[in-house]
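I would like the entire structure built from these sequences, with the hints used as guidance.
Number of protein chains: 2
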Amino acid sequence: MSSFDALVLALRKLPGVGPKSSTRMAFHLLQHDREAAHQIAQALDAAMRDVRHCQRCNTFTEAEVCDTCLDPQRNAAQLCVVETPADQAAVERTGSYQGLYFVLMGRLSPLDGIGPRDIGLDRLFERAADGEVREVIVATNFTAEGEATAHVLAEGLKSRGLKVTRLARGVPVGSELEYVDLGTIAHALVDRR
Amino acid sequence: MSSFDALVLALRKLPGVGPKSSTRMAFHLLQHDREAAHQIAQALDAAMRDVRHCQRCNTFTEAEVCDTCLDPQRNAAQLCVVETPADQAAVERTGSYQGLYFVLMGRLSPLDGIGPRDIGLDRLFERAADGEVREVIVATNFTAEGEATAHVLAEGLKSRGLKVTRLARGVPVGSELEYVDLGTIAHALVDRR
Ligand SMILES: [Zn+2]
Ligand SMILES: [Zn+2]
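One line per chain: the protein sequences are A and B, in this order. Counting from 1, one number per residue, gives the positions in the first sequence under the UniProt record's numbering. Counting from 1, one number per residue, gives the positions in the second sequence under the UniProt record's numbering.
I should point out that these hints are in silico values taken from the structure, not numbers from a laboratory. Nothing false has been slipped in among the hints.
The list cannot tell twin chains apart, which means a pair is met if one copy fits it or any two copies do.
The calculated lysine to any residue pairs, modelled on SDA-like cross-linking and capped at a C-alpha distance of 20 Å, are:
id, residue 1, residue 2
1, 13, 39
2, 158, 135
3, 20, 181
4, 158, 76
5, 20, 90
6, 13, 36
7, 158, 126
8, 13, 45
9, 163, 152
10, 13, 27
In structure tokens form, the structure reads like this:
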């Protein structure tokens, strides 16, 4: 296989990229932006080498423990559980939350073979049982899978004697948190149940 | 900047990839397919290192001169001018053409600052004047820019005493050759004017 064909094939491994767009990408880089190609290659290798999961909250970080978890200003009595780092960023942008986080890096999805282990459920239960956490705010998405995940989380956390709340229904049902406007998220935080 | 942010930024250099999809790509690779990330990085570096332009037809190749140009079975009296390697592949798939090619690697586009030099017009004129070429078939796309390019090509080639034909109008106006069905292209080849 030629290096060109190999590149087209490799680019198809990117999510959302089919044969037409991978060909267009390879063509564009070779013809117009070889510098960008090297930058992307380096960024890929660097990220795969440097980025790991925070030992406390499971988000992506380059340290053992991420900056948020290490921040003494945060309220260690509150733990907000989100599906992804992008969801965490969305909550952060509201400026309405001072507690800590746990990032599932996914959601329960039996059809896709994603079970409790894949979203680090045991690690979350262990994290929430550190003696400091008083309330776990479940902020998984209001999709079918996010709701199912929230249900499983709530059961497990309540059985461990923890107070469990859920973002209020201000967040439109069926939507992904990442794409919701700040005001709605802020309001839902205040109205959590 | 973190390696994660650097990766998101680098992936945005891919055509058609905005901030949301680059974040999704970085997340997917880190979380689910680190092996793919390394494969893409290697494929990018290999392609940028290996792939150059054929000295005769200007298409992408890893040799000095590409396989098509070296093929003694091809009819050296015919030269088909296309915009991209994908367009060349579309013509090849028809099985209706036995001549050689010249690949412009673009089209004239004054608004985007793409002039005669960027599409190797001088090299094409030189190539077409090798004494063997009898007919130049202009197969640029039937878009406004493709037509304008065809016009400039035809003027230059005719002034050098070459016979210039254009694919027949069987190809739907406004469409990109790459996406046209084989039968239409084959018919347009026969009916070239
Ligand atoms: Zn952390
Ligand atoms: Zn060639």
